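A.B. asks: Since the structure of chain W is already known, use the hints to place chain P on it.
There are 2 protein chains.
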Amino acid sequence: MEDNGAVTTLRLALAQVNCRVGDLGGNAAMVLETAHAAATAGADLLAFPELTITGYPPEDLVLRPGFRAASQAALEKLAADLAAAGLGELAVVVGYVDDDGLPRNAAAFVHRGAVLARYFKQHLPNYGVFDERRYFIPGDTFVAVRHKGVDIALTICEDVWQDGGPFAVAGAVGVDLVVNINGSPYERNKDDLRLPLLQGRAAEAGAAIAYVNTVGGQDELVFDGDSMVVARDGAVLLRAPQFVEDVYYLDLEVPERLPVHLAAPATVVERVTTEVAAVALTAPALPAVHADRMPDEAEVWGALVVGLRDYVTKNGFRSVVLGMSGGIDSAVVAALAADAIGGANVHGISLPSAYSSDHSRSDAELLAERIGAHYREVPIAPMVDAFVDSLGLTGLAEENVQARVRGTTLMALSNAEGHLVLATGNKSELAVGYSTIYGDAVGGFAPIKDVPKTLVWQLARWRNADAASRGELPPIPENSISKPPSAELRPGQLDTDSLPDYELLDAVLERYVDRDQGVAEIVAAGFDADTVARLARLVDGAEWKRRQYPPGPKISFKAFGKDRRLPITSAWREGLR
Amino acid sequence: MEDNGAVTTLRLALAQVNCRVGDLGGNAAMVLETAHAAATAGADLLAFPELTITGYPPEDLVLRPGFRAASQAALEKLAADLAAAGLGELAVVVGYVDDDGLPRNAAAFVHRGAVLARYFKQHLPNYGVFDERRYFIPGDTFVAVRHKGVDIALTICEDVWQDGGPFAVAGAVGVDLVVNINGSPYERNKDDLRLPLLQGRAAEAGAAIAYVNTVGGQDELVFDGDSMVVARDGAVLLRAPQFVEDVYYLDLEVPERLPVHLAAPATVVERVTTEVAAVALTAPALPAVHADRMPDEAEVWGALVVGLRDYVTKNGFRSVVLGMSGGIDSAVVAALAADAIGGANVHGISLPSAYSSDHSRSDAELLAERIGAHYREVPIAPMVDAFVDSLGLTGLAEENVQARVRGTTLMALSNAEGHLVLATGNKSELAVGYSTIYGDAVGGFAPIKDVPKTLVWQLARWRNADAASRGELPPIPENSISKPPSAELRPGQLDTDSLPDYELLDAVLERYVDRDQGVAEIVAAGFDADTVARLARLVDGAEWKRRQYPPGPKISFKAFGKDRRLPITSAWREGLR
Numbered sequence: 001m002e003d004n005g006a007v008t009t010l011r012l013a014l015a016q017v018n019c020r021v022g023d024l025g026g027n028a029a030m031v032l033e034t035a036h037a038a039a040t041a042g043a044d045l046l047a048f049p050e051l052t053i054t055g056y057p058p059e060d061l062v063l064r065p066g067f068r069a070a071s072q073a074a075l076e077k078l079a080a081d082l083a084a085a086g087l088g089e090l091a092v093v094v095g096y097v098d099d100d101g102l103p104r105n106a107a108a109f110v111h112r113g114a115v116l117a118r119y120f121k122q123h124l125p126n127y128g129v130f131d132e133r134r135y136f137i138p139g140d141t142f143v144a145v146r147h148k149g150v151d152i153a154l155t156i157c158e159d160v161w162q163d164g165g166p167f168a169v170a171g172a173v174g175v176d177l178v179v180n181i182n183g184s185p186y187e188r189n190k191d192d193l194r195l196p197l198l199q200g201r202a203a204e205a206g207a208a209i210a211y212v213n214t215v216g217g218q219d220e221l222v223f224d225g226d227s228m229v230v231a232r233d234g235a236v237l238l239r240a241p242q243f244v245e246d247v248y249y250l251d252l253e254v255p256e257r258l259p260v261h262l263a264a265p266a267t268v269v270e271r272v273t274t275e276v277a278a279v280a281l282t283a284p285a286l287p288a289v290h291a292d293r294m295p296d297e298a299e300v301w302g303a304l305v306v307g308l309r310d311y312v313t314k315n316g317f318r319s320v321v322l323g324m325s326g327g328i329d330s331a332v333v334a335a336l337a338a339d340a341i342g343g344a345n346v347h348g349i350s351l352p353s354a355y356s357s358d359h360s361r362s363d364a365e366l367l368a369e370r371i372g373a374h375y376r377e378v379p380i381a382p383m384v385d386a387f388v389d390s391l392g393l394t395g396l397a398e399e400n401v402q403a404r405v406r407g408t409t410l411m412a413l414s415n416a417e418g419h420l421v422l423a424t425g426n427k428s429e430l431a432v433g434y435s436t437i438y439g440d441a442v443g444g445f446a447p448i449k450d451v452p453k454t455l456v457w458q459l460a461r462w463r464n465a466d467a468a469s470r471g472e473l474p475p476i477p478e479n480s481i482s483k484p485p486s487a488e489l490r491p492g493q494l495d496t497d498s499l500p501d502y503e504l505l506d507a508v509l510e511r512y513v514d515r516d517q518g519v520a521e522i523v524a525a526g527f528d529a530d531t532v533a534r535l536a537r538l539v540d541g542a543e544w545k546r547r548q549y550p551p552g553p554k555i556s557f558k559a560f561g562k563d564r565r566l567p568i569t570s571a572w573r574e575g576l577r
Numbered sequence: 001m002e003d004n005g006a007v008t009t010l011r012l013a014l015a016q017v018n019c020r021v022g023d024l025g026g027n028a029a030m031v032l033e034t035a036h037a038a039a040t041a042g043a044d045l046l047a048f049p050e051l052t053i054t055g056y057p058p059e060d061l062v063l064r065p066g067f068r069a070a071s072q073a074a075l076e077k078l079a080a081d082l083a084a085a086g087l088g089e090l091a092v093v094v095g096y097v098d099d100d101g102l103p104r105n106a107a108a109f110v111h112r113g114a115v116l117a118r119y120f121k122q123h124l125p126n127y128g129v130f131d132e133r134r135y136f137i138p139g140d141t142f143v144a145v146r147h148k149g150v151d152i153a154l155t156i157c158e159d160v161w162q163d164g165g166p167f168a169v170a171g172a173v174g175v176d177l178v179v180n181i182n183g184s185p186y187e188r189n190k191d192d193l194r195l196p197l198l199q200g201r202a203a204e205a206g207a208a209i210a211y212v213n214t215v216g217g218q219d220e221l222v223f224d225g226d227s228m229v230v231a232r233d234g235a236v237l238l239r240a241p242q243f244v245e246d247v248y249y250l251d252l253e254v255p256e257r258l259p260v261h262l263a264a265p266a267t268v269v270e271r272v273t274t275e276v277a278a279v280a281l282t283a284p285a286l287p288a289v290h291a292d293r294m295p296d297e298a299e300v301w302g303a304l305v306v307g308l309r310d311y312v313t314k315n316g317f318r319s320v321v322l323g324m325s326g327g328i329d330s331a332v333v334a335a336l337a338a339d340a341i342g343g344a345n346v347h348g349i350s351l352p353s354a355y356s357s358d359h360s361r362s363d364a365e366l367l368a369e370r371i372g373a374h375y376r377e378v379p380i381a382p383m384v385d386a387f388v389d390s391l392g393l394t395g396l397a398e399e400n401v402q403a404r405v406r407g408t409t410l411m412a413l414s415n416a417e418g419h420l421v422l423a424t425g426n427k428s429e430l431a432v433g434y435s436t437i438y439g440d441a442v443g444g445f446a447p448i449k450d451v452p453k454t455l456v457w458q459l460a461r462w463r464n465a466d467a468a469s470r471g472e473l474p475p476i477p478e479n480s481i482s483k484p485p486s487a488e489l490r491p492g493q494l495d496t497d498s499l500p501d502y503e504l505l506d507a508v509l510e511r512y513v514d515r516d517q518g519v520a521e522i523v524a525a526g527f528d529a530d531t532v533a534r535l536a537r538l539v540d541g542a543e544w545k546r547r548q549y550p551p552g553p554k555i556s557f558k559a560f561g562k563d564r565r566l567p568i569t570s571a572w573r574e575g576l577r
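Going line by line, the protein sequences match chains W and P.
For the first sequence, the residue numbers in my numbering are 1 to 577.
For the second sequence, the residue numbers in my numbering are 1 to 577.
One thing to keep in mind: the hints can contain errors.
To be verified - Interface residues of chain W toward chain P, partial, derived using beta-carbon atoms under 7 angstroms: (1) P125; (2) N126; (3) N315; (4) N400; (5) R404; (6) A412; (7) Y438; (8) R565; (9) S570; (10) A571.
Derived from the structure by calculation, the hints contain no laboratory data.
Here the structure is a predicted model, which means the values were calculated and not measured.
By construction, the Cβ of each residue, glycine as well, lies at the ideal position given by its N, Cα and C atoms.
Bound conformation, chain W alone:
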């Protein structure tokens, strides 16, 4: 430090918490409670995720002046409440919507009952699932607070993903620590990107980075935490486990700062101090957590469980109902639901038709038994026959009526018994429109809508093996995994009658949907031209169905939902041009 030359230690607490969108009072109460625990643990600085007070993302609630004013007021009250609770000496970084004239995505540095500094997010993501330019004005001021002799800069989420901005400024003006508060949604393999990114920014800033991210589910998004602290030299000082809500502590040794040789930045720099002097750490040193990275399937399974659990509980449901066909999709959804809210809260309904195989029922019943779910059978023939007789249906119309009778039955049980209906469709089906709207597509939530069919199988095998490795009975019947997939809407029907095999299908879809490659590019990569062109047409033609599909957790780079906004009415046809 410039003013004492000595090595200082700051006890840092990262609050990897689950905020609730719109619950300003509840979130503030959670901050107070967490601050109490952190103060008891001797922390000097406690950092919360992005938009702690409002939850993330609050979407168009931010457009309401009353909501913005409530966020601002909740922050001011929280500062006073912290001091009143005897927690004023703990420095707290908390996210909120600032509305002092212009709406801002803001971080407050709270100390001794006052908001000592406010930082406004400079890089507002407006791609993928993000619409932050819709809501906020970007900030242009670099903010650093000196606390216990440590210079601490504030940044928010996207600031770390974009070049230019506060990390470069930190390097130019000199600070010891950059706090980066996040609402960074889970994506497969994203945790592999975060660490090298933070290491690069730490070098750029010439300072340690404390990255704190939220956990939990919010509509289509799942937040995985993965909070960490990276030293100036890139060393990982702390890394929290994914998906686990907890406070993680680190005794950060702040080394003597390197002299700053860079030109002063053009940006406005605001520096304040808490006027708390550096003191040597007297408490016994706290060991920091270093969580192992999860295997890919465990991570995806965790994301799906958290997304489902929070959708159910945050929306006030206690139980779910789903159609259990004996197939792999409904088996995986049922197992996820049992892991999320307990098998006793899962109601599996077998809805056999004339075309259902015997194993459909026995596999479904076995699954229910293994996961501890309720199980019953409702044969659909009486309802299907009533439609077929009244309307004289054949072919596709008759097939679809079977699916819609099932959907109506599940909704009736939901209305009568209060369960949330889960839709069991996977991403591959949803992509090519291989589902019946208002039939198997009914539901309040669709847990595997972003999971390609091949990954559904992979997850099922992993879940069973994971159970076996713990000496538990594998939940998913082997037969559900191994049998050839079929919608069972006509005799002997198999998915492969209408679709290529799923390995090929998923490989093409990953390019066309997730990576926005054109048909020509996919064919150039070695895929059959007719197959690719046909699949592209199927995907384009199913947009109207997807628009009415329930939400489900995003786990891929590009999920169907607010991540992918294509016109329904479109004459664009991908070709070999």
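C.D. replies: Relative to the frame of chain W, chain P by itself:
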């Protein structure tokens, strides 16, 4: 003009055309055909709407490199094709996606087979239904082309709605005409805003403005045209009728330009010339169109008809099917459909239950007869009884099964006969969740989803009176307009059993939904606190249903759809705080 001092006349052609999203070849062919007509009419300059080549809005198609490259290639080919067709002397302003390194919302000035200048939109709207920051990089260069001695600046849509930018620059550097090409969606009363806005910009630019807008429907959006030319002094020189696809001509007399006294702007200014000298107009003068403004109901009816017609036809349907209950909502939707695609292509299905009144059927049949629609009855009792008997349903579950049997029946007829299903719900119902998901909410398109119930009645009365004024039979049975609204899901049920009367309901909803007012603000305006709080809770609680509702044409300031993006999972409760 600086170089000849004389008053010049430019024959201007505004192409108020209906572009098709994604149909790059078709849109380019339409440009060629229109250019032929304009050249034959002796035009000097022909301007098309925003993103002519790709259609507007292309949404996430712009994220595909192949789509952007195809747009760029289609423009280059169009320039060559125009010259090859002997139309090279006509100057053409056409919108396209430029992809020379960065994706741009661009306007090209095409002359003699070459793209003489490219202008990139500077103000990218990112509010309401717009996401242009998601797709495009803003331009920073002012572009003016001298053609026949007239200095013509290029601008695009939002550039005219925001302060700062090309109109101010035009005033500083001096031009004669600013061409503004638009994809400006219809909203009630928006045409009242456009003229004063353009008059202000004309004064700022010291130049006439030629505003050309597209017409037609695209998913949730309807474009009303309303193209116009405003003189430097604010005089309206031409105003096209709304919703009519045509080319509108004006012989624009270009007065001697005022001396420019302003400081040179900081922006980059690009000036090019076609090297075509000013010549006196020799053709006989063309009278310009001055269309009368439409009455409010006629304008809304026109928007709904165009939105429905284009959704049906652009998606390849030739007929529609809907449930006709005898009530006002389905009557208005059926009348709109008959106006949009002809009564012979409308299939009205009466779906009576045990609780349906006799007049339900007779009113529906009378309507079908008056609009020339097909009509049939499908009693739902056999299907409903099968569900009730199998599942033992009562109360809400039984009510909803009736609605879902109707939805499944309509979808079965759609599957069997190829009609598009129309959902008949209005905005008031959709707001408070007074509809059955997968029941009366089924459909590919929802023509009146942005029309509040009170406006539904108003439109019905207007449509009947308009028919009468032309000596035609009013299409909508008086009984459908005058009877108290009922869902007829249980004996004697009336909407007012669960909801306040619609005058009050719509007044509150207009504030809460369209204007984002909080409960406190609405109560302060004189509404009953309990009623407002209850309605706000109903609106918030129905978000999950709206998310699965079909698209329908936006006519209000804020429609349910991409205009309003609220979380489903939200603990925010509006209160009197």
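A.B. asks: Need the list of violated hint numbers for this structure, in ascending order.
C.D. replies: 1
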